[in-house]
Amino acid sequence: MPWTRQEMAARAAEELRDGFYVNLGIGIPTLVANCVPPGMRVQFQSENGMLGMGPFPYEGEEDADLINAGKQTITSLPSTSYFDSASSFGMIRGGHIQLAILGALQVSARGDLANWSVPGKMIKGIGGAMDLVAGVRRVIVLMEHISKGEIKIVEQCSLPLTGVEVVNKIITDLCVFEVGPGGLVLTELAPGVTEDEIRSKTGTPFATQLH
Amino acid sequence: MPWTRQEMAARAAEELRDGFYVNLGIGIPTLVANCVPPGMRVQFQSENGMLGMGPFPYEGEEDADLINAGKQTITSLPSTSYFDSASSFGMIRGGHIQLAILGALQVSARGDLANWSVPGKMIKGIGGAMDLVAGVRRVIVLMEHISKGEIKIVEQCSLPLTGVEVVNKIITDLCVFEVGPGGLVLTELAPGVTEDEIRSKTGTPFATQLH
Amino acid sequence: MSLNKVHSTPEAALAGFLHDDMTIMSGGFGVCGIPAALIDVILDSGVRGLTLISNNPGADGHGLGKLFKNRQVRKLICSYAGDNALFAQQFMAGEVEVEFNPQGTLAERIRAGGAGIPAFYTRTGAGTVIAEGKPTAEFDGHPHVLERGLRADLALVHAWMGDTEGNLLYRMTARNFNPPMATAAEVTVAEVETLVPVGSFDPDHIVTPGIFVDRLVAVGAINKHIEQRTVRPRPLAAEA
Amino acid sequence: MSLNKVHSTPEAALAGFLHDDMTIMSGGFGVCGIPAALIDVILDSGVRGLTLISNNPGADGHGLGKLFKNRQVRKLICSYAGDNALFAQQFMAGEVEVEFNPQGTLAERIRAGGAGIPAFYTRTGAGTVIAEGKPTAEFDGHPHVLERGLRADLALVHAWMGDTEGNLLYRMTARNFNPPMATAAEVTVAEVETLVPVGSFDPDHIVTPGIFVDRLVAVGAINKHIEQRTVRPRPLAAEA
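Chains as they are written, first to last, in this note's numbering: chain X, 1 to 211; chain B, 1001 to 1211; chain L, 2001 to 2240; chain G, 3001 to 3240.
Treat the hints as calculated values from the structure; they're not laboratory data. Please note that the accuracy of each hint is not assured.
When the alpha-carbon atoms are kept at most 25 Å apart in a straight line, the in silico SDA-like pairs for lysine to any residue are as follows [what the hints assert, rightly or not]:
(1) G:Lys3224 to B:Gly1060
(2) B:Lys1124 to G:Gly3127
(3) G:Lys3134 to B:Gly1060
(4) L:Lys2069 to X:Lys148
(5) X:Lys121 to X:Lys148
Predicted model only: the values in this text are computed from it and were never measured.
Given the sequences, and given the hints that come with them, work out the whole structure.
Next up, the structure:
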């Protein structure tokens, strides 16, 4: 049985460590914020210029001046600081953020990531993804294993790249892959999911070291 | 009769314009701050991280946290802002300061400036001078015409350069030179000083357009 | 450069600065912290052939979106354009040229433009379409791309408070691209929600020193648009 | 990375971080805003062969000057060294290696090191001895020099106030090199005059966000040295 989106987020949250500064992409990664283990102190960065992102506001308390990188209304925390976009990406590019958890369109066996454009479709833009994968020390992709029948974990990305050899781990609804120097290593399976099923839904060979 | 240091500063102050942001070097240039015409609004930048530099404090009111680039105790003004050194030199290098008035060891006919080191003597360092001449829109040298008998306005600087073709005007105790595309142009003489005296104390030919 | 930087209307604050085919930087992220009143003056002025530098093209009917609707824009330099349907239509039809930048590269290019740095190397975009046609070099074992500083004829910024010297404070995430843009244009005009006398601010708190601001105008607490209104249920126990 | 960044003494704040031949950045301009208490820990530790990155070598008997006196320094990367006689003596005797940078280039190299920019072009120093041995390129009709980002093993900063999250505020011109240095080292340790609980600061006023600070220690309002005590006469009328 595949992991639900909540279970995927919970699995990704196991990668958090006490004191980490973390950037979460839009989509499933946003759910990770709700899965921080009690007692662990993690600060979320929003690349539009905020460190210490709080939860959504109570209805009626939305503030147009306080949004996250997905343009959603949010709140501050006692630890919050604000800064400009150049400083924010200095923080990202300079390696000060320990972990980024991002969505993907395609990931390759060597950790190449494609998550910003599909030829023939309207290009929405790049946003902060290229900077995040270039600068953040550890990048985890959190996504559905396949999308509308199409294989997303591939030998070589066919879509325009966001970054080359940047992904350290892939967490899907079916399994977890480490991206090692020799390619992908399957380390976990969702309950009831078989290695054969992963093989049939993955476009590149992989090693297996389940634990 | 040569201009006094005060008169030199007053002559340099004629280069100020309403609304200017100005950086003054150490030595005679510092005196220009006391010569701002009444009603004119000029803000002085101190490259250690301050815009809107005030006068020296009253005795007993010195604050170790408030110094200028010459490490002298100073005061703030209602318009003052503080910023870090990288921002301060971004301001300088980015062309946001209209005028710098600096001292010099040598100035050449094409506006090369040498003001930081003398071979054989202890090198004190560069400080902010190279950044100022590279970034500030207009650079005026304010100095004694000769120093201990040695000629300072020369055909080619023999001392290590601070910047190449950066000086726009030279004000000394004897005269004023514009630095034009064809070399120096003598535009003013101190009272009783002759063109011949300037010629004898200047190491490069110059044109004359007194006004 | 004028002694009195304060103007009484957005029109007066921009008087003499607008012309066809100019390059304009505009602060804001989405429609958060955008100079809405100043953008309206550009709309009314009718200047055309504009090159806009902004993280986003605004929203349909909001901010820069109005200038696209009015066909005043020739080119957009941005990082993300996805949420504006009208802009998307003009882009796909080839009516507007678009240059996409990684968001951090865009911010750094603007910061560099304002700080006298004509070019810098960044790892962002190395090995991607972003690097095509640009010089590359290896540093610390990784390929890097040479990116150019970015400047404009005019920068429009929105600040929370300003004093009569042009010192500016921003509010929360409405800060975003405004401070770097304030440094990177021949002329910078700021709209502020509240104008105060010089000396009102703690000088340690000032984000944009007045040296970067040529003119400013007070526009009040204008009606701000929210693109994604996300809320959570108020816990019953909290209802006192 | 530890949950509790606050340490009770300067020694504890630096415990485990000091070793021979390391590179240390130290904030301050002259002796204004220097991390004096942390420098004393380095003195007492006796580590040697240090490369120091600082605008100045401190003064005789003050700040980094103590480390030169104790012969702990192999190399100084600075912009100006003129006012320290003991340092001058060691420099002229070839006992200490010195790399002079234009002050703005030094500040920008540190800012770049912290912001993931490995190299940038600047007009500063073009055509001078500073450009020797460095790549140059022409931009906008002027020659520019390629300068490298600068990082250290350890950055020491002095701040006016800090909260338990490591957010820092600075006071007046004691800010100087401290904020960029806080971003540019593997480990950053801050001494603050006053430590306050997290949430005490207006988040719009924070200059150094806590992400850049690994450890901090409160050192009180230490006795600060003034290098040039310049004053003006108090007008008689002002004596109430």
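Evaluated hints:
The straight-line distance between the Cα atoms of G:Lys3224 and B:Gly1060 is roughly 14 Å, inside the 25 Å bound, and the hint therefore holds. Restraint check: the Cα-Cα separation between B:Lys1124 and G:Gly3127 comes to about 20 Å, which is no more than 25 Å; the hinted pair holds. As the CA atoms of G:Lys3134 and B:Gly1060 are separated by approximately 48 Å, the hinted pair breaks the 25 Å bound. Using a Cα cut-off of 25 Å, the hinted pair L:Lys2069 and X:Lys148 is violated, with the two alpha carbons roughly 35 Å apart.
Restraint check: the Cα-Cα separation between X:Lys121 and X:Lys148 comes to about 16 Å, which is no more than 25 Å; the hinted pair holds.
Violated hints, listed in ascending order, are 3, 4; each of the other numbered hints is respected by the structure.
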